[in-house]
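Participant: We have chain A already, so just place chains B and C on it with the hints.
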Amino acid sequence: MAWLDSHLLTATVFLPLAWALAGLLVPARAEGGSGAIKSWTLVGSLVTFALSLLVYGRFEATGAAEFQLQEVAEWIPNLGISYNVGIDGISLWLILLTTFLTPIVILSSYQAIDRREKEYYALLLALETGMLGAFVAIDIFLFYVFWEVMLLPMYLLIGIWGGRERIYAAMKFFLYTVVGSLLMLVAIFYLAYQHKVQFGSYSTALLDLYKLSIPGGELLAPQSILFLAFALAFAIKVPLFPLHTWLPDAHVQAPTAGSVILASVLLKMGGYGFIRFAFPLFPQAVALFQVAFMTIAAIAIVYGAWVAMVQPDIKKLVAYSSVSHMGFVILGLFSLNALGVTGSIYQMLNHGISTGGLFLLVGMIYERRHTRAIADFGGISRTMPLFALAFMIITLSSVALPGTNGFVGEFLILLGSWSASPALTAVSALGVIFGAVYMLWMFQRVMFGPIKHKENENLVDLSFRELAVLAPLVVAVFFMGIFPNFFFGEMETSVQRFLSRSNLTVAQAAVVAPEAPAAIILQDPGKGN
Amino acid sequence: MSYLPVLILVVIAIALGGAIQILSHVLGPKFPNPMKNSPFECGMPPLGDARHRFSVRFYLVAILFLLFDVEAVFFFPFAVTFREYLGINMFMVLEMAVFVGILLVGYFYVLRKGALEWD
Amino acid sequence: MDASTTIRADLLTLTSEQAMMLSPYLWVFGGTVLAMILSVTRAIQPRLPVFIVSVLTALVGMVVSLGLFAADRVMLFNNMMVGDSYANFFNVVFLASAALTMLASFEYLDQERLQYGEYYLLVLFAALGMMLMASALDLIVIFIALELMSLSVYVLVGFRRADRRSNEAAMKYFILGAAASAILLYGTALLYGATQSTNIRDIQAFVQSQSGGVSIMFTLGAWLVIVGFLFKIASVPFHMWMPDVYEGAPTPITGFMTTGLKAAAFATFVRIFISTGYGDGLPAAIQSHMHDIIVVCAVLTMVIGNAVALTQTNLKRMLAYSSIAHTGYILVGMIAGQGSEQGYAPVVLYLVAYAVMNMGAFAVLAILAARADQGLNLRDFSGLSSRQPWLAFAMSVFLLSMAGIPPTAGFAAKYLLFYSAVQAHEIGLVVISVLCSAISVYYYLRVLVHMYMHEPEEGAAPLRPVSVWAAAVVASMVVLTVQIGTLPAGMLAAAKRAVMSL
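Residue numbers (this note's numbering), protein chains in the order written: chain A, 1 to 529; chain B, 1 to 119; chain C, 1 to 502.
Next up, chain A with everything else stripped away, as it sits in the complex (with noise of 0.2 Å):
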């Protein structure tokens, strides 16, 4: 328990992946079907969120220590690469929300799932491994080898057990994110080197690149061509209008797991990456590019919902309902203030209980009908009302009724953003208003009304395993509506050291940060050292 006690986070993090590998040695057919690894995936997956648990009650929300629970092993040493994790008031949550849905996507595929099942889950597992990593590595290099590891168990997932056009958005995913991530992989290099020219020694821990200085505040300095390619790469993944093509194909041909796994975790990836690395790193472009973004963003948020709104498919519907919440993330990052920074963190856990709750239900009704087209459905509130209710509640959490926690979110990265730009705000805020309006008519033509197709009267209401599936997010929706301050307070810290790193005004103003970068050097960095 020793080992455990010092190594939490990595005992967390590889757990899946061991129990994968392990999982591997599970018949895949035994006497009764396929129950043994689909109990074994299960297991494991709750023994990760236990230990998840652990992880928190460990955490300190008011600790001196900017990242907690920090392990650090040498791994390359010639280049200062360190086997290097740390949690903080941010990441914590993401670990979490990732902890908190893996077990119940893995509920939710035993019926959907029916070939292949040993790989589904051992890759299952191995996504969550991935995604984990990701999220405690604070060692930039670490986090990149994490980054590109989890792509892959999601290709995978896509390609083999996803819809008709499944090949093709599995490449289309692949490419878009490698494109994006080979042009930070050079940044990341860059910054490397500067540490080097600057401090005289190899390191890519977080917390030593956040202490380097580089020249910024034109359009072509190193610190905007850098931003730029880190924002590259996170915008993919975020995604962030023009870059989300890949996201509807993904969502719409992956599996329902699949698509839950993408949209409450994956895409999540792209605002941690925002937070973490892209905004300390590099202020003044953040500066720079913040009307930019914003505006950007705000396009993302009208133009996701306008797309949504005519969509004839639901998953589809769902996807682009995406583009339109992930907007919302981006816009009060960058109001760079602590509103909205806090509740753009929160809108990323929202969006990922209520956009995985509605793949969740949307992969419930296709299990059922075989099609995810609206116009297929109409009534079904009355052959199983339970679904419906669920349905419901879940549809309100995305619209941000007051008392679910989509509610919370929205409300502040508007209040935030509104101090940084009104008139984008204001345009933001017509997203909201449609997205109530795409969200309600669909449910309104799927649930209510006469029943139009004979396939829909003798629909089987949920099972006591979909219920269980979906028990948990609707807990989720009310408690995070309810008592939002419940999560505030491990953010809080973290949010301020974010804030005092990444907003220029801030900064200068704050001299409780010694480790911002209160003054820029200005120095050529070809001719460094």
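If you're looking for bench data, these hints aren't it; they were derived computationally from the structure. Any given hint could turn out to be false.
Derived CB-CB ranges, DEER-like [what the hints assert, rightly or not]: (1) Pro283/C with Ser213/A: 17 to 27 Å; (2) Ile63/B with Gln374/C: 25 to 35 Å; (3) Gly200/A with Ala97/B: 53 to 63 Å.
Cut-off 35 Å, straight-line C-alpha distance, at most; resulting in silico cross-link-like pairs (DSBU-like, lysine-lysine) [unchecked claim]: (4) Lys113/B with Lys30/B; (5) Lys211/A with Lys496/C; (6) Lys172/C with Lys113/B; (7) Lys496/C with Lys196/A; (8) Lys211/A with Lys196/A; (9) Lys172/A with Lys38/A.
Built from N, CA and C at the ideal position, the CB exists for glycine as well.
Facilitator: Relative to the frame of chain A, chains B and C by itself:
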């Protein structure tokens, strides 16, 4: 005048060669046939299509000859100088033994492969 | 002439250090000769003993070289050869590659009914040529070693005598290879004319002493030598022979060529490169001249290699073009070698990583190949994951490694390579390289798509059971690929040590 012996050697060689040629032409019996009259008595008609197919064995023999012949070239410089080096140690002799050993292995291989058998 | 001045007593002794340094060469040669005798001994059934002796020769030689890796540098044969860490590092690579090639070939040769002892002999001779090449310091020795290697490989490429593609490949390779050798030799002659030496150390010293620049003759000679090597490493625009040769050669030999041959050519290229135009203390004018042209070659190589690979449907051909692309990446590392702190270590590491993943990939191909090397098209890989799950998994690891996805050797190597290029201020070049890598992801993944996301072709021929030898090769390469990928520090340190001894 250290080259005088060479000149004497050349003169004798030419004289001897010429004498034998002339004598055999004058004294020898002659039963000519077309094959014998061809410039190269190797079984190949010297005129005609160059894309003529002939047995791959010719190549094999030619290559083997070349190999062993060229390797023999290495012996000459060795033969000229090894006496001086012997004063220091046996290294050069050993090296030549290794060289000959390698040649013998090659010869053994060629022999067992049947490359020297015409049929 | 006074006889006493011509006698060099120091050439007539072999110190114990020298003997030790020579032991891997002598061992490999001895083993080869033994295998040669065995192969024509009629009393015993020859194929298995020859196979075992050859593999053991390579493996033990590898262990011996490994043991010599940390030893100090020893000059050999009047400075014509050198036994340093660099040479021994590559000796390990060559011998490992030869041993693995032979292990992967045994079953394959049975299937092709080509189980001749000569196959193993030629692989060993080629390996010996590579070893001599990487340790040679004299252009003449390099040439002889190169020919020993090349001639053996020409024959191996054409080993499937009944197959027209194999014949064509051998012929093409022979003629173009001979042309390259001729260019190299001409360059050597010109260098000798300009510097009065064929020893690359002397040539380097000569260039360093020329403060005002060098003669046209030198430049031309250096260029011809370098072109000769660009030919051997198949850099664009000297790459035309490669796809046909790779496709026509027996599959394990293609693997041998991408691993051993490429490593040998690059290992020697680095030695020559830093002495004739791009090394410490050489005039800046020569360096920048050399730099620009290699940059052009590198960019062309990457772009053309990757672009053409996109459209290939035959796996061997695709890997051939991908090999060209990888040559481009390595050239980027060569350019960066002078300006970065890691020096040429990333190049060396990349060669090792590339050798490992290619050896594995071609071993898989050799296992899967139907008779006469058929059945290596993309669609033959459809549904491989359900027919041969472990092979499909191994192939995926190798392909992802080539694509540079972590945590594989390919990623670690690429990371270090491009990182050193950024250090050398070649940022534009690095951006081009990573974009090319992004392109390459597509065609590597396409194989994965077929293996994992397609159903098996109807009426596909049943796969042979995998032999123990080949399985061992594939498994060990998977382990190495992941090991170098996750813990590259050890291999990097070794590569660095090797390069430091240059």
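Participant: Would you say the C-beta atoms of proline 283/C and serine 213/A sit inside 17 to 27 Å of each other?
Facilitator: violated (36 Å)
Participant: Within 35 Å, alpha carbon to alpha carbon, are lysine 172/C and lysine 113/B?
Facilitator: holds (28 Å)
Participant: 25 to 35 Å was suggested as the range; check whether the CB atoms of isoleucine 63/B and glutamine 374/C agree with it.
Facilitator: holds (34 Å)
Participant: Decide if the proposed pair is consistent with the structure: lysine 211/A and lysine 196/A, CA atoms, cutoff 35 Å inclusive.
Facilitator: holds (12 Å)
Participant: Would you say the C-beta atoms of glycine 200/A and alanine 97/B sit inside 53 to 63 Å of each other?
Facilitator: holds (60 Å)
Participant: Can the restraint linking lysine 496/C and lysine 196/A be considered satisfied, given a maximum Cα separation of 35 Å?
Facilitator: holds (19 Å)
Participant: Taken at face value, is the distance from the CA of lysine 496/C to the CA of lysine 211/A at most 35 Å?
Facilitator: holds (29 Å)
Participant: Please verify whether lysine 113/B and lysine 30/B have alpha carbons no more than 35 Å apart.
Facilitator: violated (41 Å)
Participant: With a cut-off of 35 Å on the C-alpha distance, tell me whether lysine 172/A and lysine 38/A pass.
Facilitator: Holds, because 30 Å separates the two Cα atoms, which is no more than 35 Å.
Against the hints set out earlier in the document, violations occur for numbers 1 and 4.
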